[in-house]
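Undergrad: Chains as they are written, first to last, in my numbering: chain A, 9 to 369; chain B, -13 to 488.
Note that these hints are calculated values from the structure, not bench results. There could be a bad hint or two in this list.
Derived DSS-like pairs (lysine-lysine); straight-line CA-CA distance at most 27 Å [claimed, not checked]:
hint, chain 1, residue 1, chain 2, residue 2
1, A, LYS154, B, LYS365
2, A, LYS219, B, LYS365
3, B, LYS331, A, LYS154
4, B, LYS384, A, LYS349
5, A, LYS359, B, LYS384
6, B, LYS387, A, LYS219
7, B, LYS357, A, LYS219
8, A, LYS219, B, LYS361
9, A, LYS359, B, LYS387
10, A, LYS219, B, LYS353
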Amino acid sequence: MTKNKGNVLGVIKTIASHQLFIPLLALVLLAVVNLVNDPSFFEIKDVTNNAGYIVKSGALITILDYGSELAILAIGMTLVTAASGGQDISVGATIAIAGSAMLRVLCGGNSRPETIQAPIIVAFLVACIVGMLCGAFNGMLVSIFKIQPMIATLILFTAGRSIAAWINNNELPIVPDPKFAYFGGFIPGIPIPTTVFIAAICIIIIAIVLKFTNLGLYTQAVGINESSSRLNGINPTFIKFLSFVILGLCVAVAALIKVSRLSTINYSVIAKDIEMDAILAVALGGNALSGGKFNIWASILGAYVIQFLTTTLYKFNVPSDALAAYKAVVVIILVVFSAPKAREYMEMFVKKLNPVRKEAA
Amino acid sequence: MNETTLLKMRGIDKSFPGVRALQKVDFTLNKGEIHALMGENGAGKSTLIKVLTGVYPKDAGTIELEGAGEVAIHSPQDAQNLGISTVYQEITLCPNLTVAENMFIGRGQGVLTNWKQINADADKLLQSLDIPARATQQLSNCSIAVQQMVAIARAVDMDCKVLILDEPTSSLDEQEVEKLFGLMRDLKEMGVGIIFVTHFLDQVYEVCDKITVLRDGQLVGEYEIKDLPRVQLVAKMLGKEMDDLSDIKGESDEYKGNDAGEIVFEAEGLQSDAGIKPFDFHIKKGEVNGFTGLLGSGRSECVRAIFGADRILGGKVKVHGKEVKINKPIDAMKNGIAYLPEDRKIDGIIGDLSVRDNIILALQVMKGFFKPFTKAQAKAFADEYIDKLNIKTASADKPIKALSGGNQQKVILARWLLMHPEYLILDEPTRGIDVGTKVAIQKLVLELASEGMSVTFISSETDEMLRTCSRLVVMRDRKVVGELSGDDLTQNKIMATIAGGE
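This is chain B alone, in the form it adopts within the complex (with noise of 0.2 Å):
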């Protein structure tokens, strides 16, 4: 173990039931180093940070710490007393008790408590560290920014020589940032190593030393900052080398009837409380358009806004050139708009309910609480998607549960086309599902297209993407940041897009 290396874990292995979550990850974080651990959700970084605090056992791996050598970390109480703290993005304080309460709890002096003495000190604390708090505040009375550096202080006064920040930025606004990026330095003078988890870019190009990448549960690399453009970070992060130019247009006919071109739907500073900026956006009849980025850049808020599935803030909404408010997901079945969710488990299956029930569900809602559909007509509905879209299923009576990922959402996909939607939202609809049924899903959009429905077509792999949509909008951050068509649509274009900045 070199000097200055405060943490080393090496060879991290964890299985979840069906899902390899680390394989062989090797992490090191030095002395007073900000070390940004990067890649998309499912990459595997809250499971790194997790078995590192003792949440998960590790299935194989060693983690070494300065001064201690091999450590096992069975708890998040054995990680705390090997010094290695973590602030999440949710505030896990109690917000009803004074800062100093909070800062000292659970920590064990004796019966007797000094809370002059404490009130004290933790002044000092603060101070020292140039928090606007003081001991005696009741918690809640803080900002959400000033409660996290509540939580770091704490962390700090616990001789805290690892310090995880997950996340700790997404509820904050720049000021509050730039505060918090503040104290991250000053930790890093005192020599605190500190592992920054992160969504935003600019944010870990402003702060950190070092980057680590992870993707599917593997090790990418680890890079200096400044060997590490942005474009390059995107790219790493999602898997795809700069040089591959590759694009693969699919062949399939266009829309040419005599209302091509007619914008179907149209949304003009449409904005929701999922916390995306207000964003334009259009579709064509026939056309088919993505919204692009990393995960968590809002792309499935902005669909989600598009349905009304979550709350409406603002905006305008019109439908064929008529305006209409569309605030609640029947709202936007009424007016053809369709959308297959991105998480099928939560958003999407009803679990205990038939594949019948399951397919005509949608449908049925439209028609009416007082006009339940006949059982043999459900039944033609069912049978009849169940064979177009070669669902696998022993009957329509079996609970859609029992169906395998790749045929739950196959299901899912004709509870939607059974409404026969003029517009159609696809978020990630190929995601876990076998190869064979993503290129059947990619064939089906383009031909739904070709016979005139308009479709946005979401997928965390850009292949896909550009296999599939003319059009293409960029996410960063939550907001739109560009938008790709004809020539543009290019791996290379949609990274540097995406990154943006340089």
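So that you can see chain A by itself, here it is in the shape it has in the complex (with noise of 0.2 Å):
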């Protein structure tokens, strides 16, 4: 009877030390509450929309809707994790740079414009290209000069929102075109948000980029030793350079979506602390903040699990300006749980309760 309990216990340990638990456990957990609280959370509704077309609708739509969006940054945000040891604070201000030169190119600098001045795919593209250069700019200053992370990035945190605005020249041009809008809402005749599946085009490309390139090695290498991974051939600093750059990436697709949802762009509070949620999302997902060994699926689970959250405080009538302060809970249990000395205390309190056991075996 004891071994057999000692055997449930190592397959919980062996359970609860894996990468994925702490995400799953608390996707349960708020799954669990909802439940408790409205099963009608769990309701999804066909509804018509603005355009006249039948699309599902629900928490859980919203749900995928707008994880989709922070998985995409999640991506990013955990290679900048793993490669620098530090995060990039200003997602959220490049999102509104690169969305601002995609307005542009697409309203060529009109604010009203009756028809889309150049093709959509060409606006994505500069955008794609904007995203990546603010990426370049922050790999930079941290992979050749050094500079911490955060510091570097805070630059752009600052400064970014200005430089959007600046793009447009103040102004808020409006997209004619209705076809714009479908890559934040709805495909006609496609019930389910068109961010899904720009979500998972992103997660195959990234999982393809990871089977078919060292990508996932290199940075891991980078990030745990850069001084062995030097001496083994790869380069650091262009290791550490890539990881912004394609975090830039990500933040153009962001930017696409995130523009389309309102076909114009508000400058100042467009994907504000997105970046904190994909920090989050990260951390959520188990992946050390210091960098090093990362799981990108973990990171990407995570996000989901950050917008089930956030959707879950909405139904409990949370002021969406308190949000943040429900947020810093969870941030503050999580970050206590997996610093190393929590788990020392955690460990001593387990021996504690044990000896007991051991002398009884």
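Hints given; two lone chains; assemble the complex.
TA: Okay, here's the thing in structure tokens:
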């Protein structure tokens, strides 16, 4: 009996030490809370949207929709965290820059154009380039000038939204083409939000990249031991730089979704504080914020869990202003529990409980 | 306590987790004496200094000071109050303050400060010590040597009785060193006891009165400078007696291929930013040679320069007689050169990655970013070498940091052997690992050489070098000072060459 118990404990320990354990546990907890509070949380209804199409609607759809943009950012943020041991806090501001550049191309500097002035794909590619340039700027500061990532990205964090406003002369152009709204909304005839498909494409691309290149191995090696990586022929400077450029690309995709949702932009609030959610997703996925080993799938799952949490808080009528305070509680719990010191204490605690049992055995 | 005795440390013990850094060490310093503290890196010099200055608490032993009796030193502040001052290799002053400010800062003159008075005092002190600096000058405008002297002046002005100089000369040129020595002699006249820690043998014999030698955390002895010739000093530091002539050349087959004797790698005037003098070097196919010298003599820096691990400042490099550029590790790897670094933890292992990833890393990088090995390939490579080198690990998926030191070293060795290099550089491959593994690694080196691999082998243990190498490059003070081969390969010859001078 005791032996059996030990085995069960062992199994539990193995499961608990798996990286996906914490985000999954959080997910289950949130689901249970919602189930108890109001089972209608899980209902998915068919509704007719503004454009006259029947689409799915409900809290879960919202989570998938908004969780997807976060998941895309979590991919890049995971790589930056792993390689540089720090985080990019300029994500929201660079979304504004990339989004603004996209609008400028689409509207051609005219704030109320009759038709779009360039194909959407061109505008998107420009946004990609702008996003990657912002990433390259951050990456250069971090990898070449060895500035701490948070400090380096503080520059764009501070200046980004002004730059975004300046790109369109502080006007708020509106994209006239209804097709542009598809990316952050629905494609006619498809009842599932387009963001889900965009996130799926991004996830498939990163899966392919991780499978067919050494990005994962190099990034982890650099994050764990830069000096040793260099002596093995890896160029740590380039790997760190690359991680920021990849995040820049993720930012451009998120910018497409964000701008598409409104068909316009609000420089001061677009994607505000989204970097904090992206960082939280990485942490929730059990990845060390000090860099090194990472699990990108755990981060992606973490992103959806964060959105689940946000949506749940809305359901509890938490005003959006107070949202951050509630999330902060989650962050504190997470950070404290993932700290090695906390584990030490927990182990000591378990040991204190255990000696009796050991003696009995 | 004798009346000329200034400081008496007796039976000092200090342990860190897993290491006994000091074991029953005694140290005595007299008034007006310059006393060299010698020993290789890791011998316990810095630990002893740090115990004396209150950085580390001692585990056992007593410290007595003239006029104060037995003292307890719990912090650097305590040490300073007792008149023990330290000047470190790196300047610990504030470069953007003036000389006078640096000399008087943090010494509590009350709320109001009479800068005029302080500047005048500082100038007087600087003049009396013959230090070429003005009180109002910004410290960063002075040369490093003068900055160091200002640090010393600060110490002197704080009524210091014991002055510790920890490697003060390593960043100074010859003239600056002379100036510093002048100052040291002046202080000696004034009755200050100076503890001088350095790697440079010449300087010890130029300025010191006494030498205390430490080895492996234990006291070897205290000697008058005139009683201890250089060669003896080196022998004491290395722990080898001069009469110990047992030369034990290993019995292994030499490489006998058609291309035996062909020069695989050749360097001419190679120089890196790690502070070594330009050096020439070559190695033949199937040869095992080595760099020897005391720790800090520049032997690691030489092989790092060969591998492109430090920034290369100049020199020509030829591989198989063809001139190539090796500016970074990947260049060296592409030319068939592998390098097992001295510091396994910092430069070798990638702690959190699995044993398997650690083994395949170098070969994987060579193969290219876009061509990752499949899981099956990686597993096959890892299993092959885990078996070949008898690496003890629960599985290839275990993180390397969970392994013992010897097994970690084998994993790093496996990493480079997997690359099938033509030229393998092993920098201290046997440090900190068990005897069994040491012997296994030496055997492996000879075996690889008999198959045609060229190997450069560095070890702090001269025995190991003699057993494996057929030619030794000897280094002192960051330059190559000799080369030994054939009958010259004996302990005595090596020590004599390291000591030089006489």
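Undergrad: If a hint holds in the structure, say so; if it does not, say that too.
TA: Okay, the hints, checked on the actual structure:
no., hint, in the structure
1, A:LYS154 / B:LYS365, "violated, 36 Å"
2, A:LYS219 / B:LYS365, "holds, 16 Å"
3, B:LYS331 / A:LYS154, "holds, 22 Å"
4, B:LYS384 / A:LYS349, "holds, 23 Å"
5, A:LYS359 / B:LYS384, "holds, 25 Å"
6, B:LYS387 / A:LYS219, "holds, 25 Å"
7, B:LYS357 / A:LYS219, "holds, 10 Å"
8, A:LYS219 / B:LYS361, "holds, 10 Å"
9, A:LYS359 / B:LYS387, "holds, 24 Å"
10, A:LYS219 / B:LYS353, "holds, 15 Å"
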